[in-house]
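As you go down the protein sequences, you meet chains P and L in turn. Take the first sequence: its letters are residues 1 to 107, numbered as in the numbering used here. Take the second sequence: its letters are residues 1 to 112, numbered as in the numbering used here.
Think of the hints as simulated: they come from the structure by calculation, not from any bench. C-beta: ideal position from N, C-alpha, C; glycine also. Heads up, a few of these hints could be off.
[Claimed, not checked] Across the chosen pairs, the derived CB separations fall in these ranges:
#1 L:Ser65 with P:Ser71: 26 to 32 Å
#2 P:Ser26 with L:Val112: 34 to 40 Å
#3 P:Gly28 with L:Ile53: 45 to 51 Å
#4 L:Gly16 with P:His56: 42 to 48 Å
#5 L:Pro14 with P:Gly42: 23 to 29 Å
#6 L:Asn30 with P:Asn2: 28 to 34 Å
#7 L:Ser65 with P:Ile65: 33 to 39 Å
#8 P:Ser71 with L:Arg42: 19 to 25 Å
#9 P:Arg80 with L:Gly54: 39 to 45 Å
#10 L:Thr95 with P:Gln66: 25 to 31 Å
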Amino acid sequence: KNEVEQSPQNLTAQEGEFITINCSYSVGISALHWLQQHPGGGIVSLFMLSSGKKKHGRLIATINIQEKHSSLHITASHPRDSAVYICAVRTGNQFYFGTGTSLTVIP
Amino acid sequence: SQTIHQWPATLVQPVGSPLSLECTVEGTSNPNLYWYRQAAGRGLQLLFYSVGIGQISSEVPQNLSASRPQDRQFILSSKKLLLSDSGFYLCAWSTDMNTEAFFGQGTRLTVV
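Let the hints inform the model, and build the full structure from the sequences given.
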């Protein structure tokens with residue numbers, strides 16, 4: 001069993017739709033990251049969370065430490081949001097990654 | 001500012017040839033450095049991490065090795081590549097002072 005589980009694996013949405021990607025983890029963590037990987041492969045960090053909720057533009061990330069669960073929401077989705085979204089947790093010096101959610105937003 | 005450089009971006013190598021991927025970090029000192037591999041259709045897998053010069057921890061036994069000759073330089077190597085070494089390799093760094101992580105642009109390696 002993976003330390004980090006993401007759902008769904010693949011997601012197709014119409015432009016403008018509200019999108020939710022879920023992440024559950026089974027280890028004790030110091031922080032949780034939401035990452036975005038575009039087709040070229042490079043990864044950028046969207047959020048780092050240790051509690052509560054963060055918002056950046058149309059992106060919102062929440063975490064429930066007791067339930068070991070986090071969600072990434074995209075409001076008013078746009079084709080440029082199409083990418084793979086990866087949940088990662090940090091424990092000590094190590095990071096554990098989910099397998100990613102491939103999002104395609106159709107115009 | 002803090003940046004991370006990883007090269008080359010793409011690489012096609014024949015089976016049995018050597019490999020050297022380099023990653024350098026700027027704007028910080030004594031970072032924790034990581035090499036990850038992402039095989040097709042799979043998540044990121046930690047290969048090596050280093051908390052200091054000459055200190056390398058290996059997570060997965062394999063055909064690869066890593067070295068950290070300088071504080072902000074991390075090198076991934078192989079003496080003889082296998083077909084199964086094909087994949088996307090990412091370098092990353094973080095610090096103990098905060099838990100943010102920064103990733104390189106990655107190297108797409110195809111072994112033919």
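For each hint, the structure was consulted:
no. : hint                              : verdict
1   : L:Ser65 with P:Ser71: 26 to 32 Å  : violated (39 Å)
2   : P:Ser26 with L:Val112: 34 to 40 Å : holds (38 Å)
3   : P:Gly28 with L:Ile53: 45 to 51 Å  : violated (29 Å)
4   : L:Gly16 with P:His56: 42 to 48 Å  : holds (46 Å)
5   : L:Pro14 with P:Gly42: 23 to 29 Å  : holds (26 Å)
6   : L:Asn30 with P:Asn2: 28 to 34 Å   : holds (30 Å)
7   : L:Ser65 with P:Ile65: 33 to 39 Å  : holds (37 Å)
8   : P:Ser71 with L:Arg42: 19 to 25 Å  : holds (23 Å)
9   : P:Arg80 with L:Gly54: 39 to 45 Å  : holds (43 Å)
10  : L:Thr95 with P:Gln66: 25 to 31 Å  : holds (28 Å)
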